[in-house]
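K.L.:
Protein sequence lines, in the order shown, are assigned to chains A and B. Position in the first sequence (from 1) plus 1 gives the number in the numbering used here. Position in the second sequence (from 1) plus 305 gives the number in the numbering used here.
Quick caveat, the hints were computed from the structure, so don't treat them as lab data. All values reported here derive from a predicted model rather than from experimental measurement. It is possible that part of the hints are untrue.
Below 35 Å or equal to it, Euclidean Cα-Cα: the simulated DSBU-like pairs (lysine-lysine) are [claimed, not checked]:
id	chain 1	residue 1	chain 2	residue 2
1	A	LYS41	B	LYS363
2	A	LYS23	B	LYS411
3	A	LYS19	B	LYS363
4	B	LYS373	B	LYS363
5	B	LYS374	A	LYS42
6	B	LYS374	A	LYS20
7	B	LYS354	A	LYS41
Stretch-level coverage of chain A by chain B, calculated; a stretch enters the list once three of its residues show a Cβ under 8 Å from a Cβ in chain B [said to hold, decoys possible]:
id	segment
8	20-29
9	102-108
Think of the CB as a built atom: it goes at the ideal place given N, C-alpha and C, for glycine as much as any other residue.
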Amino acid sequence: ETGVTQTPRHLVMGMTNKKSLKCEQHLGHNAMYWYKQSAKKPLELMFVYSLEERVENNSVPSRFSPECPNSSHLFLHLHTLQPEDSALYLCASSPRLGNTIYFGEGSWLTVV
Amino acid sequence: AQSVTQLGSHVSVSEGALVLLRCNYSSSVPPYLFWYVQYPNQGLQLLLKYTSAATLVKGINGFEAEFKKSETSFHLTKPSAHMSDAAEYFCAVIQESGNTPLVFGKGTRLSVIA
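This is chain B alone, in the form it adopts within the complex:
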């Protein structure tokens, strides 16, 4: 069975600072990995996904994530935080060629301080 662990339920950064949101996965077979973002009072929006092509994946709004098999990690980064990045971020995993729904992490709330 697959699972993801998001380290830190709340991360706070200053505007212009690096954003780093951590996600570690557990999967006995090659995984597909996802990051979703949820802005206040909205549903979840796909930010980026890794599907066994390039290990560095670029997403919307300047975010990117790197798949590191040796570390079983898929951390989300952005070089410079904007106020508009304040939201809840969810990491998710499925098995490559799997036939089961995505498994989501518990989410990390990002606050951006002016």
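The shape of chain A in the complex, shown without the other chains:
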């Protein structure tokens, strides 16, 4: 139990589907993050939110759309994905930007 919960843990979706990944943190943190982890590639920071405002977007394709309705919840909305988007998507939080990051267990996404 890390204090950061991700659902679903596994998701298979077609290229024309629309789905969402959900992340909830129970740590009272003010910053939340989405990372992508593909096989044989380094961790990629996708989005950063601090106090519910997006502060960093690392050239992520528009088919990935984040949403942070409050400091405890973070979503990643997915639409018209490609097979190369198949990866482990990790959510994380920290007390504030620049502090120790705590990760969730990840959501395994397979695009078929």
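Given chain A, put chain B in place with the hints provided.
P.N.:
Chain B alone, transformed into the frame defined by chain A:
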């Protein structure tokens, strides 16, 4: 800007042998340094962190790391490897009093041979 370099994408040791995973950092200001571990099919878990207190930091599962400013290093060690230590290990850095996310290395996969 900060960065970390992990030497060796894959390290293999025998059970009971010393574990040494290397991390060198680059930072123009005093850094905070971290080691994370990722077991198969799981997220990353904080192993230990250096935040400008003692230079020798002890973490979970018998791991420790020493901050050496003169060598810009923060290598991770464990005296005796267990089979359960097989995992991916990530080094990360941020600026002390920084306001930016952690910067991660590319990871080192540790295999433990019986």
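K.L.:
So, for every hint listed, does it hold in this structure?
P.N.:
Against the structure, the hints come out as follows:
| no. | hint | in the structure |
| --- | --- | --- |
| 1 | A:LYS41 x B:LYS363 | holds (29 Å) |
| 2 | A:LYS23 x B:LYS411 | holds (26 Å) |
| 3 | A:LYS19 x B:LYS363 | violated (45 Å) |
| 4 | B:LYS373 x B:LYS363 | holds (15 Å) |
| 5 | B:LYS374 x A:LYS42 | holds (29 Å) |
| 6 | B:LYS374 x A:LYS20 | violated (47 Å) |
| 7 | B:LYS354 x A:LYS41 | holds (25 Å) |
| 8 | 20-29 | violated (count 0) |
| 9 | 102-108 | holds (count 6) |
Of the numbered hints given earlier, the model fails hints 3, 6, 8; all others are met.
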